[in-house]
Amino acid sequence: MTSTAKVKSLSIVIPALNEESAIGTTISRCLAAREVIKQKADLDHVEIIVVNDGSTDRTAEIAASFSEITLINFEDNQGYGAAIKHGFQKGTGDILGFLDGDGTCDPNFFAQLCHSLTKAPADIVTGSRMHKKSKMPRIRRIGNFFYAQLMSFLTGCKVKDTASGMRVIRKESLQYLLPLPDGLHFTPAMTCRALLKDNITFQEIEMPYHERQGISKLCIFKDGLRFFLAITEIALTYRPLKFFGSAGSFLVFIALLYGMGPLYSKITHNILPDSSIYRLLTINTLIIAGLTLLSIGIVAERIAASLNGNIRNHTKLEKCMLSIFSLKKMIFAGPILIALGITLNLGPLKDYLTTLSISYHWGYVSTGALLVLAGLQLSALGIFERLIDTTVKEAQYDRKKR
1 MTSTAKVKSL
11 SIVIPALNEE
21 SAIGTTISRC
31 LAAREVIKQK
41 ADLDHVEIIV
51 VNDGSTDRTA
61 EIAASFSEIT
71 LINFEDNQGY
81 GAAIKHGFQK
91 GTGDILGFLD
101 GDGTCDPNFF
111 AQLCHSLTKA
121 PADIVTGSRM
131 HKKSKMPRIR
141 RIGNFFYAQL
151 MSFLTGCKVK
161 DTASGMRVIR
171 KESLQYLLPL
181 PDGLHFTPAM
191 TCRALLKDNI
201 TFQEIEMPYH
211 ERQGISKLCI
221 FKDGLRFFLA
231 ITEIALTYRP
241 LKFFGSAGSF
251 LVFIALLYGM
261 GPLYSKITHN
271 ILPDSSIYRL
281 LTINTLIIAG
291 LTLLSIGIVA
301 ERIAASLNGN
311 IRNHTKLEKC
321 MLSIFSLKKM
331 IFAGPILIAL
341 GITLNLGPLK
351 DYLTTLSISY
361 HWGYVSTGAL
371 LVLAGLQLSA
381 LGIFERLIDT
391 TVKEAQYDRK
401 KR
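Residues 1 to 402 in the numbering used here are what the sequence shown lists, from first letter to last.
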């Protein structure tokens, strides 16, 4: 939904919690950078908003000494994300930006961010700290690399820095990124939503990054877990097939590999030793578990698409799964597999009913049971897909009537 309308102003939000050692310098650098930003990004106005997030040191006092900024004071700490969102609400700019108040980011870089936003054009542009010249501590670099790889996998879009604390967003695009959390996981959540939304254009450019002044508020383990949960929760909301489909396909693949031995023995020697019964039970379990996960992924993906719009960047595997497990194919495939499974077990069933024993090899019973269970699974998937399709069409019809 990138707009080509000319942007004229930038609102820079600085969230600050106990940053007395750096907030004064950060504000001064932002004020000094205004002319550079206006000139290079072709803007008419740059405003600076500092949100004091319940600081217990001299942060508010130092910020209040600058008459050219807007200062918002929270009596109690509400969270990094809450401070930024409140600053966005007060901002009047066509572009909304923020940077951390700890002195790690260069405010002059807003010129390049805004220039990229308007020239690309893009809806959101973030500064990446993941490059050779970055001064990011090693432990945080490792964590950021892990989250970048996770997000890239789940969203299907390549990203290097999921939690950059310096970025710009078109004000008109912000509504498509909400809701966003109040805590430090605000930034990875925003990045994840931007990558998953098909109407949002995301760009990432390398930026200078220095060691912070003062003590970091980031708790590696607690906030790291929040980052992980935020990324996976949002990704599962928009791309459930990515997770469930991959897991289901993996289980089916393992089952096929595990079944190569017995299959080879049956084809070449027409023998299926009794010792293979445990292997076949494991194979059946893996296949049914895999189909269950695939079914959950397909149904969830259909629901996500109906609620969130079309999902972009499906991989070839995902497109293949959506095609194979389509409504029409499941309506036919399910009953056919059930019929085959029952047919395969008619002989053993007749034996049991007449002689109370089964002369057929146990492989018939096991394979027949697998086909019946798989058929039931696919039939249920077809029914769910039909219900989703009908519900979506009725909802669309109701909206048109209104």
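Simulated from the structure, these hints should not be mistaken for laboratory data.
Bear in mind that the values here come from a model prediction, so they are computed numbers and not experimental data.
Using N, Cα and C, we set each Cβ at its ideal position, and we do this for glycine too.
It is possible that some hints are incorrect.
[What the hints assert, rightly or not] Calculated pairs, EDC-like style, for lysine to aspartate or glutamate (alpha carbon to alpha carbon, straight line, at most 20 Å):
| no. | residue 1 | residue 2 |
| --- | --- | --- |
| 1 | K90 | E20 |
| 2 | K119 | D182 |
| 3 | K90 | E172 |
| 4 | K8 | E61 |
| 5 | K171 | D182 |
| 6 | K40 | E206 |
| 7 | K6 | D42 |
[As the list claims (entries may be wrong)] Restraint ranges, calculated between C-beta atoms of paired labels, are given here:
| no. | residue 1 | residue 2 | range |
| --- | --- | --- | --- |
| 8 | R386 | T282 | 48 to 56 Å |
| 9 | F250 | A339 | 23 to 31 Å |
| 10 | T92 | L256 | 41 to 49 Å |
| 11 | L178 | N108 | 28 to 36 Å |
| 12 | F153 | S359 | 24 to 32 Å |
| 13 | L327 | N73 | 40 to 48 Å |
Going down the list of hints, with the structure as the test:
A hinted pair counts as satisfied when its Cα atoms are at most 20 Å apart, and K90 with E20 does not qualify at roughly 23 Å. Pair hint K119 plus D182 does not hold up; C-alpha atoms about 31 Å apart against a cutoff of 20 Å. For the given pair, K90 sits about 14 Å from E172 by alpha-carbon distance, which is consistent with the 20 Å threshold. Our distance criterion of 20 Å between C-alpha atoms is broken by K8 and E61, whose separation comes to about 31 Å.
A hinted pair counts as satisfied when its Cα atoms are at most 20 Å apart, and K171 with D182 qualifies at roughly 19 Å. For a cut-off of 20 Å, the pair hint linking K40 to E206 stands: about 17 Å separates their Cα positions. Between K6 and D42 the CA atoms are separated by roughly 9 Å; this keeps the pair inside 20 Å, and the hint holds. Judged by the Cβ atoms, the range 48 to 56 Å given for R386 and T282 is violated: they are separated by roughly 33 Å.
Checked against the hint of 23 to 31 Å, the C-beta distance between F250 and A339 comes to roughly 29 Å, which is consistent with it. A hinted range of 41 to 49 Å is violated for the C-beta pair T92 and L256, which are about 60 Å apart. For the hinted restraint 28 to 36 Å between L178 and N108, the CB-CB distance of approximately 29 Å keeps it satisfied. For the hinted restraint 24 to 32 Å between F153 and S359, the CB-CB distance of approximately 51 Å leaves it violated.
Look at L327 against N73: about 56 Å separates their beta carbons, and that is not inside 40 to 48 Å.
Hints 1, 2, 4, 8, 10, 12 and 13 from the earlier list are contradicted by this structure; the remaining hints agree with it.
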